[in-house]
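Visitor: For reference, the chains in residue letters:
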Amino acid sequence: MKQFWTMVYARTMEFVRDRGTFFWNLLFPVLLVFGFSFAFSGEGQPLFKVGVLDSSPAALEGPASFLSIEQGRFIVYGPEESRTAVLDRLRRHELDMVLDPADRSYYLNVQGRTASLLRRLAAADPVLRGYLERTVSGAPIRYVDWLVPGVIGMNIMFSCLFGVGFVLVRYRKNGVLKRLKATPVSAAAFVTAQAVSRFLIVILTSVVVFAGTNAFLRFRMEGSWAALLAIASLGIVSMEALGLVFAARLRSEELVNGLMNLATLPMLALSGVFFSLEGSPEILKTVSRALPLTHAIGAARAVMLEGAGLGRIAPDLLFLGLFSAAALALASALFRWE
Amino acid sequence: MATILEAAGLRKRYGSVQAVDGVSLPIEEGTCLGILGPNGAGKTTTIEMMEGILAPDEGTVTFRGEPIGREFRRKVGIQFQTTALPEFITVRETLKLFSSFYPSPRPFDEVVDLCSLSDILDRDNRKLSGGQRQRMLLALAIAPRPEVVFLDEPTTGLDPQARRNFWDLIRGIRAERTTVVLTTHYMDEAQTLCDEVAIMDRGRVLERGNPARLLARHFRGALVRIPRGCVEGDGIPGKLVADHLEIQSENLDRTMRELLAAGVNLEGLSIHKPDLEDLFIELTGSSLRN
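Protein chains in written order, with my numbering: chain Y, 12 to 349; chain B, 1475 to 1764.
Please note: incorrect hints may appear among the correct ones.
Claimed, not checked - The calculated lysine to aspartate or glutamate pairs, modelled on EDC-like cross-linking and capped at a C-alpha distance of 16 Å, are:
#, chain 1, residue 1, chain 2, residue 2
1, Y, 13, B, 1587
2, Y, 184, B, 1720
3, B, 1570, B, 1545
4, B, 1570, B, 1584
5, Y, 192, B, 1545
6, Y, 60, Y, 105
7, B, 1601, Y, 25
8, Y, 60, Y, 99
9, B, 1570, Y, 25
10, B, 1601, B, 1567
11, B, 1713, B, 1752
12, B, 1601, Y, 29
13, B, 1713, B, 1756
14, Y, 189, Y, 349
15, Y, 192, Y, 349
Hints in this document: simulated from the structure, not taken from any laboratory.
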């Protein structure tokens, strides 16, 4: 056990004293969060989005003139979308208005930026004038609230893949692993020590980045911190496991670098780090669901923005757990000291 | 004396190159064996198979009569020819890290003392000079309190002063009856440190034994060398080695008189006590440093 913690300590010191890497790991996500928060803090797009509940074509003819207002975007939902789900979008400000032609009513979010504008437009419309107005309420979600799990997730991904995988390949290439092979240390103990060291570093930097930016931006936090910590932990483990698969036997830093870019780029693009995949083609969504980062970020957003409990994020946690177990099994089957 | 480590019939092939071709070396406890040979002779491949780092294609290595395995790792100390040390870690931390791997390591202060590390304990591994680095690597090799220490070209690249200091360290370890196996291509190193040498070339052991006895067996007296240009005509007993004629002489007095009588110009003559390098040339017909 002493041996194990000495290894964890040595690896951690190695990272902390590499000041450049260390501060970049902290600074990069902070800069991103503040940068995006600044970039998207303006008035935003002038458009308003209206969700139209499932309606027969005949029912849609009623508000036809309203539905043709150019400044608006109108999304007509099919029968698979429940009224509650659509109204939740209105509460979260993903929609500005929900129209129910069959019921001859419309919904507005009283905290919505465009609520009064839409109320006036409705009053001016010959058909909507006769509709019943209902309201919901819910605080707006700023882009930065939505973004912060993405940025921290991305930081976890890079830090784990490169911190565990890249370093192991470098150790193999320059002979550190060979030197360790000549000692009684087992491969499993050595690799676990590397992973634990990185785990502690990443969980700590994630907390610091979150707390540091939260002090200024006050993120929306509807769910429990414990759930968020569970997601972050499993996310870190799954990324480390993936890094270990790449690092199990490669000797070339260039090759492992290329392979890791091959793994990180799709996750960066398809796991919803910077933008939502809602509305993108089904094939992309399918690919996205196979990526561990998607589940980590998705679950974190559900907790922070919608207050999801452990029950609702359980499938995501299960996916991350199974993914980690499979990757670790593969990595240990592939592992070579030299 | 008991045999502590024994290599028997080791062979290793890399592609089309037979790097080690049937090497058998029994090593007695408490002795120092030097594996000598030019670059590419198979020294490192041989020592790494004996360390258990490299699996032989054929042959076995036994430690106290048992095939080497996990237990063996606890009882040996190894210094590789090239090793990177973890970066950003100090000498002190590295030493503690490696000591923690072993069940009953040598006390920290003792290692520091033996390898003269006290001045550089808080220095980053990356900032060590060549000699400091070799001392540090030796410290890692002896920290486990090993029964056998393997040193692969431990003084290559060191300046003469640092080499001499390093030899003193190895003598200190030997004084504790630790068995030492080292490879080198420096003759003086083998001659001064080793009880026994094994001379290797092209993957085979050409000759092995105590340096002094080996030399006595192959050479009689001194070697007299005369530049080729100074020798005219025949009748001088000796053989041509590179650019000079070499004569083995048991009686220098008589040899000189014979040479003068034969009208040889003694201007460029040199007299030389045979060493392992001469033995190597004698055995292989080529120079060791090539």
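Visitor: Could you run down the list of hints and mark each one as holding or not?
Guide: Checked hints:
Our distance criterion of 16 Å between C-alpha atoms is broken by residue 13(Y) and residue 1587(B), whose separation comes to about 24 Å. The straight-line distance between the Cα atoms of residue 184(Y) and residue 1720(B) is roughly 47 Å, outside the 16 Å bound, and the hint therefore fails. Only pairs whose Cα atoms come within 16 Å are accepted, and residue 1570(B) paired with residue 1545(B) is rejected, the gap being roughly 21 Å. For the given pair, residue 1570(B) sits about 13 Å from residue 1584(B) by alpha-carbon distance, which is consistent with the 16 Å threshold.
Using a Cα cut-off of 16 Å, the hinted pair residue 192(Y) and residue 1545(B) holds, with the two alpha carbons roughly 13 Å apart. Restraint check for residue 60(Y) and residue 105(Y): satisfied, since their Cα atoms lie roughly 8 Å apart, inside the 16 Å limit. In summary, the hint linking residue 1601(B) to residue 25(Y) is supported, as the alpha carbons are separated by about 14 Å, within the 16 Å threshold. Between residue 60(Y) and residue 99(Y), the direct Cα distance comes to roughly 14 Å. Compliance with the 16 Å bound is thereby established for this hinted pair.
In summary, the hint linking residue 1570(B) to residue 25(Y) is supported, as the alpha carbons are separated by about 14 Å, within the 16 Å threshold. For the suggested pair residue 1601(B) and residue 1567(B), the alpha carbons sit about 14 Å apart, so the restraint of at most 16 Å is met. Under the criterion of a C-alpha separation no larger than 16 Å, the hint pairing residue 1713(B) with residue 1752(B) is consistent with the structure, at around 13 Å. Of the pairs offered as hints, the one joining residue 1601(B) and residue 29(Y) holds, with about 14 Å between alpha carbons and a cut-off of 16 Å not exceeded.
About 11 Å separates the Cα atoms of residue 1713(B) and residue 1756(B), which keeps this hinted pair within 16 Å; it holds. Of the supplied pair hints, the one linking residue 189(Y) and residue 349(Y) holds, its CA atoms being roughly 6 Å apart against a limit of 16 Å. Proximity of residue 192(Y) to residue 349(Y) is assessed by CA-CA distance (about 9 Å); at most 16 Å being required, the pair is judged to hold.
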